[in-house]
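Enquirer: From first to last, the protein sequence lines stand for chains A and B.
Per our numbering: the first sequence = residues 889 to 1201.
Per our numbering: the second sequence = residues 617 to 884.
No false leads were mixed into what you were given.
To give an idea of the chain A side of the interface with chain B (calculated C-beta under 10 Å), a few residues:
| hint | residue |
| --- | --- |
| 1 | Asn915 |
| 2 | Tyr1011 |
| 3 | Pro1140 |
No lab work stands behind these hints: they were computed from the structure.
Note that beta-carbon positions come from the ideal geometry of N, C-alpha and C, so glycine has one too.
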Amino acid sequence: MSQANGYTAAHSRLQRVLHKLPLKRINWGRQLVISMPFVWLAVFFFVPFLVVFKISLSETAIAIPPYTALIELEDALLNIKLNLGNYLFLWEDSFYLEAYLSSIRIAGVSTLLALIIGFPMAYLIARSESRTRTILLALVILPFWTSFLLRVYAWVGLLKKNGLVNDILINLGIVSEPIQMLQTDFAVYIGIVYTYLPFMILPLYTALEKMDMSLLEAAEDLGCRPFQSFFLVTIPLAMPGILAGCTLVFIPAVGEYVIPALLGGSDTLMIGRVLWDEFSLNRDWPMASAVATVMLVVLVLPIMLLRNRKEAE
Amino acid sequence: MAVQRRSWFLYTSSALGFLFLYVPIISLIIYSFNKSKLVTVWGGWSFKWYGELFQNEQILSAAWLSIKIAFISASLAVVFGTMAGFALSRMGRFRGKMLLSGWISAPLIMPEVITGLSLLLLFVAMEDLFGWPAGRGTLTIILAHTTFCMAYVAVVVQARMADFDTSLEEAAMDLGAKPSSLFFLVTLPLIAPAILSGWLLSFTLSLDDLVIASFVSGPGDSTLPMVIFSKVRLGVTPEVNALATLMILIVAVGVVVAMLQMRKRPKP
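For reference, chain A alone in the conformation it holds in the complex (with noise of 0.2 Å):
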C-alpha cells in the first residue's frame, strides 16, 4: 500500500517537474523541417572543408588514403605533426602564384566580355513585348539547360585547324592559312563566355525589366544625352543584376577546369586545372588541398561575405 503511495508521489512529482520544462512547447515538425537540410549542410558541406584544411596540413604518403595521419598516439604520448610545407611551397614555387594569378586574369576578361555581350541581349529582351519577351527568354536559357560539356564540346569542331572558323576566314580571305586557334588562351575566353552568358543575361534582364523608362525620357528632358543618360541612369539602375551576373561568371569561371582541359592548350595555366593535376596525376592531396585552401581563403570567401553584406542591405 505505502508502495503504491509513493509511487503516486513520485509520479506526481514528475509530473510537475516534466511541467516545468518546455517540453510540451517544442514542435517537433518544426525543429525536424529545419534541422534536417541543416545537418545534411553540416554534414556534407561545412565539415568537408574542415577536412580538406586538415589534410592540407598533412604530408603525402605512399598509403592509402595518401597522406600521414595529423595526430598518432605512439607509446602513450600523443604526436601532433602539422606540416606546414605545402602552404611553405606554393609561395616559394612561383607556378602556384602564377596559376592563381593567370585564373583570376583569364575569369575577369572573360566576366567582361559576357558583360559586354550580354548586356544589349538583356535590355533587348527586357524593352520587347511580352510574346518575343518570352520566346527571347526562352532561347537565352535554352542552352543553359543543354549538357555544358557538349557545348564546350561544340566549339572543338569549330575552333579546330580545319574547323568551320577557319573554313570561313579563308572563304573570306581574312587569313590564307588555317590559324591555330584550338589550344589557346582565345578558345578558353570563348569557352567560358559561351558557357557561362545566359548566367550573365539573367540577372541583368531582372534588373533592366524592373527598371522605370520614364527615368530616361526625364533625363532626356534635362538635357541628357543618350551616353549620358546611359552611364548616369541606365547603369546604376542594372548596377544589382551587374554584380549578380558577374559574381554568377567570375566565381565558377576562377574554378573551371573542363573548358581549360578541352579548349586550352598545355601552356594555359588556371587554378582549377592545377588543382585537378595534384589531385589526379600526381595523387599529392595534401598539396591539392592547401590549393583548395588557399583558393578558397583568397578568391571564394571575400565574394560570398560582399555579396552577404549587399543582400543583407
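Given chain A, put chain B in place with the hints provided.
Expert: The following block gives chain B in isolation, referenced to the frame of chain A:
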C-alpha cells in the same frame, strides 16, 4: 534619330549574341548527320551515327547510371531543398537562420573542383572512421549531387514563396488547420510549380555534372559525362554528336512545353 541609331546597334549586337549562342549547337546537330567519319569532310546525310550510338554498350550503360543518379539526387534535393526554403521564408526567426541561409546558397557559387575535392576527402575520412560509405561509387555521387542540387531547389522555392502573400495560409490557420495539414493542403499546392522546376533543374544539373562526379566516383562507376569526356579528349567523335542532338531535342521540347504552359496559365 538618336533612338533609331541606338536600336539599330541594339538589334545588331543582340542578333550577333544569339548567333554566338546557337551556331555551336546547330553545328553539333548538323555534323551528327554527317556520313563521313572525318567530321571535317561532309560526306552526305546519314543516320549511321545514331545506329552506332544505340549499339555502344559503354555509352548506354553510363547513360542509364546517370539517369538513375539524377533521378534519386533530384528527388532527395527536392525534399531537403523545400524544407530549407520553407524554413527560411515561413518559420520566422530561429537559431542558426543566418548560418542556414549562408550554407544553402554557398554551393551555388562554389567552384566545382573545391566541392568535388572536399566531398571526396570527407567520404574517405568517413570510411576511415565509421566504415560508411564503403568505397566510392553511385552512393557517393548521389550524396554529392543532392548537396549541390538542394541549394538550387531552396532558391527556387524561396523565390516562389516570396511571390505570394501569406493570407491564404493565415486563413487556413484561422480555420484551425494544423501546421502539417496547412503545409500539405495549402502551401504545397501553391509552391508545386517551383518544386517541379527545382526537380527538373536538379535532374539536369546532376545529369550534366562531370567534375564533382569524377572526384567522388569509384573506378567502376562512370557516369555519362565522364564517358563523354574521355571520348572527347581524344578528338571529335560523331557518336557524341548524335547523343548531343538527342539531348538537345529533348530539352528543346521540354522548354517549349514549359513556355506554352506558362502562357496558358493566367498570371496572378
